[in-house]
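Take a look at the letters that make up each chain.
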Amino acid sequence: MPLPAKAFQRWLSGVAPDTSTADICRVSGVKRTTLAQQMVRGKVAETTVVSISRAYNINPVAALATFDTYSGLASSSLPPTEKELVSQIATVDLLRAVIVRTAPEGSTGPGQPGLSPTPHATSVKNWVDAIDDGELRHRVSAATGVAPQNYSAQLTANRLAPELAVATSRAAGVGLASGLVATGLVTETEAGWPPGARQAALDRLSDGDLTALAGERLQAMGRTLRRQEQDQEQTERIWENLV
Amino acid sequence: MSEILPWITLVVCAAAALARIPSTMRGVNPALFFIFLLATAAAVLSIEQFYVAIDGALGGLNIAHVLLRLIVFATIYLIAVRVTKGFGAPDAHRMIAGPPGLAVLAIFSVALVAVFLMMAPAASSVRFQDAGAASPRNEALLPFYWAAARGYLAYVSLALLPALLRSVKERLPLLVRTGAALMAAGAAATVAGLCLEFSPAQLLPIAPAVNNGAVVFYTSGLVMVWLARVKAAQRRSHGTSSTER
Numbered sequence: 001m002p003l004p005a006k007a008f009q010r011w012l013s014g015v016a017p018d019t020s021t022a023d024i025c026r027v028s029g030v031k032r033t034t035l036a037q038q039m040v041r042g043k044v045a046e047t048t049v050v051s052i053s054r055a056y057n058i059n060p061v062a063a064l065a066t067f068d069t070y071s072g073l074a075s076s077s078l079p080p081t082e083k084e085l086v087s088q089i090a091t092v093d094l095l096r097a098v099i100v101r102t103a104p105e106g107s108t109g110p111g112q113p114g115l116s117p118t119p120h121a122t123s124v125k126n127w128v129d130a131i132d133d134g135e136l137r138h139r140v141s142a143a144t145g146v147a148p149q150n151y152s153a154q155l156t157a158n159r160l161a162p163e164l165a166v167a168t169s170r171a172a173g174v175g176l177a178s179g180l181v182a183t184g185l186v187t188e189t190e191a192g193w194p195p196g197a198r199q200a201a202l203d204r205l206s207d208g209d210l211t212a213l214a215g216e217r218l219q220a221m222g223r224t225l226r227r228q229e230q231d232q233e234q235t236e237r238i239w240e241n242l243v
Numbered sequence: 001m002s003e004i005l006p007w008i009t010l011v012v013c014a015a016a017a018l019a020r021i022p023s024t025m026r027g028v029n030p031a032l033f034f035i036f037l038l039a040t041a042a043a044v045l046s047i048e049q050f051y052v053a054i055d056g057a058l059g060g061l062n063i064a065h066v067l068l069r070l071i072v073f074a075t076i077y078l079i080a081v082r083v084t085k086g087f088g089a090p091d092a093h094r095m096i097a098g099p100p101g102l103a104v105l106a107i108f109s110v111a112l113v114a115v116f117l118m119m120a121p122a123a124s125s126v127r128f129q130d131a132g133a134a135s136p137r138n139e140a141l142l143p144f145y146w147a148a149a150r151g152y153l154a155y156v157s158l159a160l161l162p163a164l165l166r167s168v169k170e171r172l173p174l175l176v177r178t179g180a181a182l183m184a185a186g187a188a189a190t191v192a193g194l195c196l197e198f199s200p201a202q203l204l205p206i207a208p209a210v211n212n213g214a215v216v217f218y219t220s221g222l223v224m225v226w227l228a229r230v231k232a233a234q235r236r237s238h239g240t241s242s243t244e245r
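Protein chains in written order, with UniProt numbering: chain A, 1 to 243; chain B, 1 to 245.
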């Protein structure tokens, strides 16, 4: 559930006192119509708070923590686990690491590019899989009242409502902001992940673990692509006959 | 209300036929244009003024009504063939276009014509509504005539329904699924139309709405699938040019 408009207004008057809504929108890049609509509905999206925080050089996680729903974010200072860090590395970056490690010395060319920024195409699902002990989905479902199939559908679509992301972190006992990184609401730096933590975690993976992980990701990717191709084929056949 | 329904049907079908002209000129699925053209013809014959004029030209013996029913048979047959091929339903395809399907079509067509020939000639009346009043024999035969006329439509619709409902649940573009849902509604309305022929008299006033609704549902379903293609083509041209044909 998004943030109540009243609390948002209170927060906003603390962040940008005596500033017109128009100015806030201009500085933060939030569309005026979007904000107006959210205010009228009484529910302000978390992304709005994040955008405004960034515009006023406030840590978005800290800003979210001032709201009741996310108050837990303030006290949570658990660092990301190894598995979480690795889960937030894009599949292409994992594959590149495999190639770099297995290629003969000097054949990969100079200058290894850094990891692409979070989030990646399957970051949400990979993150939940990384922290799942087998019962996580049930616990999240029980804690939030969200039906397991709706939860799974969000993961498949690489989405997760911010509140659910925090609830998932809490149910898994990991840092509460991790889920917000995986969903792309905040960056890893904003969530307090140490700089280079993902790269370091990747470097600590053994060749065997890295290769197995890359293989798993490739297989999942292959399944998704094949499913998309089948759907596309079916759609084409419908059009061939009916259009 | 029942005055305006055939007009709505006519407008929808004619608009669909007109909209298909550019594609047909390019040689894309001319069968579809033909389907909408037949549907338009059927809609024209369902409107009193046109019916009386056309039937008058055919001798004023309601031959136009038999013609209308056969046009409707041809329309639903052609639609069903495209739908079963498109939505990948080989079983339904066999039930409609395979030997059993063609046999059913022949049986219903022959039955329709036979019952019509057994009736005493009645003065031209749209929807054949005054034919029963012409003689007691006509009144007895009329339900059989309608059973034959609607029976084939219900048969085809029942064959299509599982495939259509399955497609609604599949991972297809939203507009395609909407189209399948609308066609499923058309199939359901067609079956309901047959059932209404045997229902108590107090339900008869809703029959025209159900029967015209069936046509509108089928037609708008086809239009939805088509819009999905238009939308996909637009998105493709906005994206990279490498996938353009």
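Read the hints as simulated data drawn from the structure, not as lab findings. Keep in mind that the hints are not guaranteed to be accurate.
As the list claims (entries may be wrong) - Estimated spans, in silico, between C-beta atoms of each pair: (1) A233/B <-> M221/A: 21 to 29 Å; (2) D231/A <-> C195/B: 33 to 41 Å; (3) V40/A <-> V230/B: 49 to 57 Å.
What the hints assert, rightly or not - Heads up, incomplete: computed chain A residues facing chain B, CB under 7 Å, no partners named: (4) M39; (5) V40; (6) D129; (7) T235; (8) R237; (9) W239; (10) N241; (11) L242.
Glycine included, each C-beta is placed from N, C-alpha and C at the ideal position.
Does the CB of W239/A sit less than 7 Å away from some CB of chain B?
-> holds, 5 Å
Is the gap between the beta carbons of A233/B and M221/A within 21 to 29 Å?
-> Holds, since A233/B and M221/A (Cβ atoms, about 27 Å apart) stay within the stated range.
Interface hint status, V40/A versus chain B (Cβ within 7 Å) = violated, 28 Å
Was the hint right that D129/A lines chain B, CB cutoff 7 Å?
-> Where the cut-off is 7 Å and the nearest Cβ of chain B is about 22 Å from D129/A, the hint is violated.
With chain B as the partner, please determine if N241/A meets the hint condition of a C-beta pair closer than 7 Å.
-> holds, 3 Å
With chain B as the partner, please determine if L242/A meets the hint condition of a C-beta pair closer than 7 Å.
-> With a minimum Cβ separation of about 5 Å from chain B (threshold 7 Å), the hint on L242/A holds.
Using the Cβ atoms, figure out if D231/A sits within 33 to 41 Å of C195/B.
-> Cβ of D231/A to Cβ of C195/B: about 36 Å, so the range 33 to 41 Å holds.
Hey, does the M39/A contact hint survive, CB to chain B under 7 Å?
-> violated, 30 Å
For the hint on R237/A, does the least C-beta distance to chain B fall short of 7 Å?
-> Holds: closest Cβ of chain B sits about 6 Å from R237/A, inside 7 Å.
Do the numbers back the hint for T235/A, that is, is its least Cβ distance to chain B under 7 Å?
-> holds, 6 Å
Using the C-beta atoms of V40/A and V230/B, is the stated range 49 to 57 Å upheld?
-> Given about 34 Å between the Cβ atoms, the range is violated.
Of the numbered hints listed earlier, those contradicted by the structure are 3, 4, 5 and 6.
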